[in-house]
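Fit chain B to the given chain A structure using the hints.
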Amino acid sequence: MEDLLAEFIAESRDMLEALSGEIVAWEADPADRARLDAIFRFVHTVKGNCGFFEFPRLEALSHAAEDALADVRAGRRQPDQALVSAVLAIIDRIAEIVAAIGDGREQPEADDAPLIAALDANAEESAPAPAAAATRAQRRQSATPRTIRLPVELLDRVMSGVSDMAVARNDLARRIAQHEGETGLDAPFNRLSAILADLREAITRIRMQRIETLFSGFPRMVRDLSHELGKQVMVEIESGDVEIDREMIEVVRDPLVHLIRNAVDHGIETPAERQAAGKREIGMLQISARQTGSEIRIGIVDDGKGIDGDKLVEKAVAAGILTAEEAKLLSMRERNALICEPGLSTAKEVTAVSGRGVGMDVVRANIEKIGGSLMIDSTPGSGTRMMLNVPLTLSIVPSLTIGVGERTFAIPRSYVEEIVRASSEEMDSAQIGGREFITVRGQRIACVGLDEILGVESTCPREARLYVLIRLVGGDLFGLAVDAIHNHEELVVKPIAPVLMACGFYVGTTQLDDGSPVPMLDVSGVARSAGMIREVKDRSLRRELRHERTEERELVPALMFRGFDGAERAVEMDAVRRIEKLPVSALRTAKDGTAQAVIDGRIVPLIGLGGFKPEGEEINLFRAGEDGDERAYAYAEIVDLCEFDPAEVVVAKGETGQRLALIGGRPVELFDADALLAGAAILANAEA
Amino acid sequence: MDRSLLLVSIAGERAAFASEIIRSVVELDGITPVPRAPEHIAGLAALRSRAMTVVDCRRTLELPEAEVPGSLAVVVEIDEFLYALVVDAVEEVVPFDTEPSEIRADLLPGWARAAIGMVETSAGPALVVDPAKLIEGPAKRKAA
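Top line first, the protein sequences correspond to chains A and B.
Take the position in the first sequence, starting the count at 1, then add 865; the result is the number in this note's numbering.
Take the position in the second sequence, starting the count at 1, then add 1061; the result is the number in this note's numbering.
Hints were generated in silico from the structure; no laboratory data involved.
We put the beta carbon where it would ideally sit given N, CA and C, even for glycine.
Some clues are possibly wrong.
Take a look, some chain B residues computed to stay more than 10 Å from chain A by CB distance [to be verified]:
#, residue
1, SER1070
2, ALA1072
3, ARG1084
4, SER1085
5, GLU1088
6, LEU1105
7, MET1113
8, ASP1149
9, SER1162
10, ILE1164
11, ARG1165
12, THR1182
13, ASP1191
14, ILE1196
15, GLU1197
Examples of chain B residues lying across from chain A (beta carbon under 10 Å, computed) [as the list claims (entries may be wrong)]:
#, residue
16, THR1093
17, HIS1101
18, ILE1102
19, ALA1107
20, SER1110
21, GLY1198
From the derived model, a few chain B residues whose C-beta atoms are all more than 10 Å from chain A [to be verified]:
#, residue
22, VAL1095
23, PRO1156
24, VAL1180
Isolated chain A, as found in the complex (with noise of 0.2 Å):
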């Protein structure tokens, strides 16, 4: 919470920097559009990190502005002088607070109220713009730095410094051992190699992060959110060991939180809604990220409503950002791209978490600043897919390199989810539709052969191939066929000229040990050329195949049986050594009220008895345990062999340890052959 707080204020305290100028041009001509936007981001984004951080005084000043605002850019109210007056000493306002925030102080004495009613349409021109002038230069004098910064560029340079350095070590190491040994430059050869790598991981990680740092706020923030919205929502998080620029992480954090909040507010429905739909009451949030060399793609998957593509384009064509026909060109993709246009949401009422649509243009303004793209798939009524692509100047990336023909390319491992040999026991292939299929422990895996894909000549027997069975961000799997696997390494990928990355297989470069460049895969290019992307996953279906899974599962057999207290108790099958039949001469009841029973010479404790005394001139029990161990237990009647569910078992709370089965839909109490040897004890006594 502290890092998080402490960013807050950062960004906060650049925003306001880089706004200072925004707000004198603003102030000069009032009806300038970017401005306006710019500004309206900034209270926006404000609102939005007040709402999980609880600075009141903030959110109502944000709040405040960002309605006033919002009148303005749907062309309800004209922007005036006083209106700007008054949005400017908010603006002050705020950056007062957050620098008493940032220093630890209390926050200022001063009422709020005049502010905000100031924005009021109807306010007369009053006193706060020559307030806002006297903090607008206090401001200036708190914003010290305190942490030294250092130009990217300069890391770059030293970075790839010691890359031109391992590559020239690579060429000395060839010819050093040109000459066997006979140098004499061995030690100092090798010392310089340890050196050196441990130099280049210093700096490495000088850039780097791990994307976790920035998942590991999400949770908690979605469910404050959800429980502020009245939703249920489950996350899942994944962050497939990425890491990321240090910078990058910075960057991406509030278009993340924005989408984020998007899905929890507009996405994911209450459970009334979603029940009424027939889905589950819980939502499901999926929060992934991979690296694929040049680029960082972090997916966004809901289970919620969807998008309305046909209202947004309804919105966009009477907003006048397209017009009918060129609607009608739009692909499904286009089409909700579209609620990323400034001033379109489709959300009804808007919230105190987000609408407007303010927060996806912000996303998209700042996702495309630093050359990413966002992505978004949805299916109404199942779910959307959104999938931010931030580029990576410079990465390292843990890769596997692949082998086709003469060829060698790289694949980034966190894709990477196993590998099968076509000959392997496991595995079963077949042809189906022109396509090859593999079967991998039951589950069928649509396969791709990567010199079919790049039209390189495969040099190896089709019997012979590996299949890379490969993860993408979506969830979808499928097998990619390759000659050989050569390497798993850590590798250094920079980003392919745009010119190839065009080509859509690629997404950088690398270099091997000895220095020769090698391509990475773009794997979810390669995946698409191949038709092997779905569209959004349809949850619901799925959840109906894990049900079916459910009544597949194997059942486990059991004796059920009724002890002469009258109470039904079931046996796991396993853990019964015998059933017999043994003469009441043979048992022994002692005054505590445990029993002995005489069974193939051997005293045999016996439990189910209770204070019960056997009529007749045979009883029934079941042994348990093993020679030297054994238990047995007397019962008044088979009452079935049955079958119960292992996953549907239930331990009870407390001492006894009680295990309750699901049988003819009838709890049951249910032993396996532990419970049966230690829990001799507490039986007898439970009974007695």
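Okay, now just chain B, sitting in the frame of chain A:
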């Protein structure tokens, strides 16, 4: 203003690059082909720890293939990417301080696309070409 031009020869013709954009001239050893890349991209090669995209100038200018593929390349840097432009020969660097003049003739389509203008140098006339256009390659021929 002391600008200069690097004169190279491509398919028997003289071309010139503004020397301020040239990083170096290298002899390429080993090009890694990149499948599915546009035709005029020969592949990738390394310049120390950096990868260069190798552009075959004959192909990008839609000229006949060389009998012996050239290995001499002019390295330029555009938007932080290195490109190696493979030429047949590198001639010399000549000083040049005026603007290239307009070309008053119909050139072959490849040359017409890449040419900025013509210059008269001490070594004779030469066509100044824009590396960015060479890298871009023949128009409308998108990769599969």
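Right, here's what the structure says about each hint:
no.: 1; hint: SER1070; in the structure: holds, 24 Å
no.: 2; hint: ALA1072; in the structure: holds, 21 Å
no.: 3; hint: ARG1084; in the structure: holds, 14 Å
no.: 4; hint: SER1085; in the structure: holds, 14 Å
no.: 5; hint: GLU1088; in the structure: holds, 15 Å
no.: 6; hint: LEU1105; in the structure: violated, 4 Å
no.: 7; hint: MET1113; in the structure: violated, 8 Å
no.: 8; hint: ASP1149; in the structure: holds, 22 Å
no.: 9; hint: SER1162; in the structure: holds, 30 Å
no.: 10; hint: ILE1164; in the structure: holds, 26 Å
no.: 11; hint: ARG1165; in the structure: holds, 31 Å
no.: 12; hint: THR1182; in the structure: holds, 30 Å
no.: 13; hint: ASP1191; in the structure: holds, 14 Å
no.: 14; hint: ILE1196; in the structure: violated, 6 Å
no.: 15; hint: GLU1197; in the structure: violated, 7 Å
no.: 16; hint: THR1093; in the structure: holds, 5 Å
no.: 17; hint: HIS1101; in the structure: holds, 9 Å
no.: 18; hint: ILE1102; in the structure: holds, 6 Å
no.: 19; hint: ALA1107; in the structure: holds, 5 Å
no.: 20; hint: SER1110; in the structure: holds, 4 Å
no.: 21; hint: GLY1198; in the structure: holds, 7 Å
no.: 22; hint: VAL1095; in the structure: violated, 5 Å
no.: 23; hint: PRO1156; in the structure: holds, 31 Å
no.: 24; hint: VAL1180; in the structure: holds, 27 Å
In the structure shown, a violation is registered for the earlier hints numbered 6, 7, 14, 15 and 22, in ascending order.
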